[in-house]
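J.: Each chain is listed here by its residues.
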Amino acid sequence: DTAVSQTPKYLVTQMGNDKSIKCEQNLGHDTMYWYKQDSKKFLKIMFSYNNKELIINETVPNRFSPKSPDKAHLNLHINSLELGDSAVYFCASSQRGSGANVLTFGAGSRLTVL
Amino acid sequence: AQSVTQLDSHVSVSEGTPVLLRCNYSSSYSPSLFWYVQHPNKGLQLLLKYTSAATLVKGINGFEAEFKKSETSFHLTKPSAHMSDAAEYFCVVSLTDSWGKLQFGAGTQVVVTP
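As given, the protein sequences belong to chains S and C, one line each in that order.
Take 1 as the starting number for the first sequence in this note's numbering and just add one per residue.
Take 115 as the starting number for the second sequence in this note's numbering and just add one per residue.
Be aware that a few hints might be false.
[Unchecked claim] Here are the simulated DSBU-like pairs of lysine-lysine, each with C-alpha atoms no more than 30 Å apart in a straight line: (1) S:22 to C:215; (2) C:182 to S:52; (3) S:71 to S:44; (4) S:41 to S:71; (5) S:41 to C:183; (6) S:36 to C:215; (7) S:36 to C:156; (8) C:182 to S:40; (9) S:44 to C:215; (10) S:22 to C:156; (11) C:156 to S:67; (12) S:40 to S:22; (13) S:19 to S:67; (14) S:52 to C:215; (15) S:40 to C:215; (16) S:40 to S:19.
[As the list claims (entries may be wrong)] For the chain S half of the interface with chain C, some residues (derived, Cβ under 8 Å), not all of them: (17) 46; (18) 60; (19) 90; (20) 105.
Since the hints were made in silico from the structure, they are not lab data.
Cβ atoms here follow ideal geometry from the backbone N, Cα and C, with glycine treated the same way.
Modelling step: build the complete structure from the supplied sequences, incorporating the hints.
T.: What follows is the structure, given as structure tokens:
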């Protein structure tokens with residue numbers, strides 16, 4: 001009964017490949033996010049969707065394309081992977097209007113680009 | 115624009131002694147403030163949150179934080195460290211209406227020695 005689950009947990013791939021990370025939440029939240037944690041553990045928001053609508057897009061290269069088929073799922077597809085894309089990607093969810101923007105995070109997906 | 119500064123990148127404490135993690139913020143609005151913890155190779159877990167109610171906030175695992183507007187601080191404390199407290203701690207600020215866009219501090223790594 002994991003609240004926010006991401007797959008895969010680890011992903012190792014070559015430069016130039018295309019890969020996807022999937023996220024699902026069973027909390028009934030209406031908003032989902034992707035955050036990126038770099039090698040220095042700094043976390044920064046990439047995207048946010050509310051009820052399948054993109055509401056935050058933080059100047060991320062267009063090689064990154066989020067897709068939200070429904071409000072319980074938010075996937076991240078990355079084209080033409082580069083070395084600098086190596087990071088841990090965290091999915092999160094929250095309920096708008098529940099107060100204080102409390103996000104529930106998944107366990108992360110560690111992407112290594114060789 | 116809001117920002118958050120964690121004043122210590124590393125803190126080392128002995129088991130059973132107090133823990134103090136320092137955080138200063140800047141915000142043009144009344145902020146919501148959080149502390150998240152990340153154990154090695156794990157996701158982010160909410161420790162506590164401040165949302166303009168009581169300035170002394172109690173969280174999980176014996177942690178608490180005090181919001182001091184005059185000092186723009188939100189320091190995290192625990193009276194007695196446990197070995198399981200070894201982790202990375204993030205101070206986070208959010209505008210009250212920012213769709214979950216969180217600004218993370220750079221993190222403080224806590225080491226607990228026996």
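J.: Looking at the structure, which of the earlier hints fail to hold?
T.: As far as the earlier hints go, 2, 17, 18 are violated by this structure, in ascending order.
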